[in-house]
Amino acid sequence: MSLTELSASEALELFVKGEVTSAALTRACLDRIESHDEQVGAFLRVDAEAALARAADIDAQRLAGKPLGRLAGLPVAVKDVLCDRQTRTTCASRMLENFRPPYDSTVVANLKAAGAVLIGRTNMDEFAMGGSTENSAFQLTRNPWDLQRAPGGSSGGAAACVAARMAPLSIGTDTGGSIRQPAGLCGVVGLKPTYGRVSRFGLVAFASSLDQIGPLATNTKDVALLLEAIAGHDPRDATSLNVPVPNYSESIHRPLTGLRLGIVREHFGAGLNEEVEQAVRNALRVYESLGAEVKEISLPHSKYAVATYYVIAPSEASSNLARYDGVHYGHRADQAEVLAELAAEQEQLEATGDQRTLENLDTSLVRMYRRSRAEGFGPEVKRRIMLGAYALSAGYYDAYYLKALKVRRLIRQDFDAAFEQVDLVVGPVTSEPAFKLGEMTDDPLAMYLIDLYTVSANLAGIPGISLPCGFTQSGLPVGLQLQAPPLAEETLLRGAHMYEQATDWHTHKPPALL
Amino acid sequence: MPQPYTTIIGLEVHVQLATASKLFCRCSTQFGAAPNTQTCPVCIGLPGSLPVMNRRAFELSLQTAVALNCNIPEFTKWDRKQYFYPDLPKGYQISQFDLPMSADGYLEISDSEDRFETKQIRILRAHLEEDAGKSVHDEVAGKADSEIDLNRTGTPLLEIVSEPDMRSALEARTYLQELKLLLTYIGVSDCNMQEGSLRVDANVNLHLEKDNQRIATPIVEIKNMNSFRAVEHAIDYEVLRQYRVWQKTGNRLGDSPKQTRGWDDVAGKTLGQRSKEESSDYRYFPDPDLVPVITPAKRVEEVRASLGELPAVLRTRLTDEHSLSEYDADVLVNQGRPVLDFFLQVAESSSNYKGACNWVTQEVLRVLKEQEKTIDQLPLTAENLAGLMAAIETGILPKARGKDAFDLMQADGINATEAIHKLGIEQVDQSQLETLCQELLDANPQIVADLQEGRQQAVGALIGQAKKRNPNIDPGLFRKICLELVSRT
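As given, the protein sequences belong to chains A and D, one line each in that order.
First residue of the first sequence: 38, per the numbering used here; consecutive thereafter.
First residue of the second sequence: 32, per the numbering used here; consecutive thereafter.
In case anyone wonders, no lab produced these hints; they're calculated from the structure.
Hints may contain errors.
Restricting the straight-line Cα-Cα distance to at most 27 Å, the calculated cross-link-like pairs of lysine-lysine (BS3-like) are [unchecked claim]:
#, chain 1, residue 1, chain 2, residue 2
1, A, K546, A, K419
2, A, K443, D, K112
3, D, K150, D, K279
4, D, K112, A, K419
5, D, K404, D, K453
6, D, K112, A, K440
7, D, K289, D, K329
8, D, K300, A, K443
9, D, K279, D, K300
10, D, K329, D, K108
11, D, K329, D, K430
12, D, K108, A, K440
13, D, K279, D, K254
Next up, chain A with everything else stripped away, as it sits in the complex:
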């Protein structure tokens, strides 16, 4: 058996027993990346030498009996949106192609402190905007279960690398479903924590009030382990919650008695793929067989969630991405081209004698901004910046942004009411299994609707998890989503683990890559 088939928790046990070294596991992961990532395209960059050196260092420390962190020696892949002073952080954008941050994000610092071996940087939709990873400026990532299909996104590389067993653990980010949706489409486990549970310091912002960093792995216990390592209060993030971090990987083994599950009436209607619905309904029966009670609940405002999300997220994005202007860092348009453009326009206007237009010509500075951004951003990022700038404009703010904030509060209230009746809300992650690459690139609206079941958790700030719950006839994974009240990650993980113990979906591996 290849070492890459070990779960993180299993590998840790073997490290402790001295039966496996971090160097060997890291080498096995690197070999797997070497042999399979040309097909999958999960990683943007892998620094094999640094990873091996780090693994050897951890092994030496272990041998010397030094105290080690909870992830000591485990390879972890990181989405290319978290700052790490040892490598570039590109956000899969031309704009930041050569950006090397002078500091570590809190999550990366926590991973380093926990002894993780940071094995590489995973592909994503540019600035985490998208649901297929096709918006990466650099490469496509393919779904390990069917290489003609998308892995989902925006954390497509993060999910695909775990599904393809190139890394046992990976870090993604979730603004509207960007961890849970690719996890569901790639048949792995992915968790979006409560807003504020994990520090956003050093996470390149997409939509600040929605972004959360979370773990992906092949199973719930590993997800719990990774969450423990990255969660916690951070004085450098004003929105970080100052609440102790429970021992998730310990408590996960305790099943929940008298578990009350809520299924959302509004989630089972037109548009839900039959095979997906079937898999989810089967999962509910498994829960019932474990003694859980399943109740129907209503989230009456959930039908507005996607619309609300696509006002708030682009609004914040339009502001967060204003800093990429070519002045201080990142892509800057060629000066000679900018000046030539200006000179050509001036010459033309002088010839026609249009003095008024001539006097109001944009300066070279404005042209530098415009060209830098036009060249540095891809079409989806531009689309969202324009959507957001529009929604925040004078005269439109009340009708769009302010209205969206109000609906957001109602969505949160729906969940508050639901959680008075049930412990967890359960349902599908996506309405369809993995779609074909290129299938939706011309239809941004269809792509936005993929977020239907996931965006509410971001708007409400609550945690959610996606875990494998079956396969379609054509062999594509189906994901089950559980959502919990704020800071109830323990319940969420225990509930997910119960199901996982009773099923074997999480043990299936992509046949295409065997």
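Knowing the structure of chain A, use the given hints to seat chain D on it.
Quick look at chain D alone, frame taken from chain A:
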């Protein structure tokens, strides 16, 4: 002839708060460091960096707002003001838009020379925001490069916006002086205009009557004024300019967009600045990286209690309780807290406010001005000055030699006893004085005759002679004795 118009002035003042570190990061706010040495990922807006509010900055703005009699709402939040400029690295400034940390205050201004009536200038709002960086446009030798210094980026600024309640350049200047005095009294800012710690923009227009209609001229915002004197001159200039323009064009408010003009101190003129035709849309929205700030009413009361006496209250106390003239109270309070504290110490230990006032306003201020010193650089202590007053009071030191003693004391930091000794002053007793007086009367029969005929001023010549014989005599006492001796004969 009265002016045919009323001048309407509102002021926007940006005050740099005296914090050691910036508003949202821990970088130093020290002025004058080498460019871009006081920066970090947060204040230069690197991807992934997040702001965290400096509590001290909020505290200082709270103190200021309370001192300006503002309402402090329990809830305030941060907003992003968005625009592109090279010295604004995030593409937005963190500021406060619709829910500022304070509003609806006032500042009272008055003029001890009564050139305008005492009035309250209403404060529309005071809000906290971060400063931008500095653009240095280097166009030397045909180069058109601009350089950016981000040391200032993120420095806490309190923007204090007045209502358009001032009616003359003098009122505007007085408002600024009183505001600066208040801010320095409570210690929230050094208000150094040269270093940009206090910046003023003035909004000016005119109201006039024509055909029984009230007409307002277009509002002009004046920028680039580097001293209070410049503010006064710029407004005076602008008022005359606007009146001339109105006479020529008849343009009213609303006929043209708000204009921005820069003050050229050398030319003594305001000059139009290039402005785009469309108005700017800053797309304000709440900053999702920061949490709202909650200020309970109890906290506001604690701040109010901790502020101590503010200038307006101090002036009233000096005039009402200690019978100083308004003019004297004004002079003392306007010197700022250190001088006033010095005065109060002298006054309290001598129990003589009027006397202390005379010494401080006449002698101490003269010396400070001559020597270009601040009060804490002066070797003279308040205790020693009170000692000097006591020595004169008890007659140990003749009043006439008081100034000589003062000069020694302020220069050397010695006390009154040491100064008296150093001056060689010995007390002249009554019998010595009588003997001296009799001797001089005997030698000057003409003066005696003059005195007997009621020409009392003749005694002056005797005092002069007496001082030559013994510089320690008390001229007042000598005079009294002389007149007594003459009347007895």
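For each hint, the structure was consulted:
no., hint, in the structure
1, A/K546 with A/K419, "violated (37 Å)"
2, A/K443 with D/K112, "holds (22 Å)"
3, D/K150 with D/K279, "violated (34 Å)"
4, D/K112 with A/K419, "holds (20 Å)"
5, D/K404 with D/K453, "holds (25 Å)"
6, D/K112 with A/K440, "holds (20 Å)"
7, D/K289 with D/K329, "violated (42 Å)"
8, D/K300 with A/K443, "violated (51 Å)"
9, D/K279 with D/K300, "holds (19 Å)"
10, D/K329 with D/K108, "holds (19 Å)"
11, D/K329 with D/K430, "violated (53 Å)"
12, D/K108 with A/K440, "holds (19 Å)"
13, D/K279 with D/K254, "holds (24 Å)"
Hints 1, 3, 7, 8, 11, counting from the list given before, are not met by this structure.
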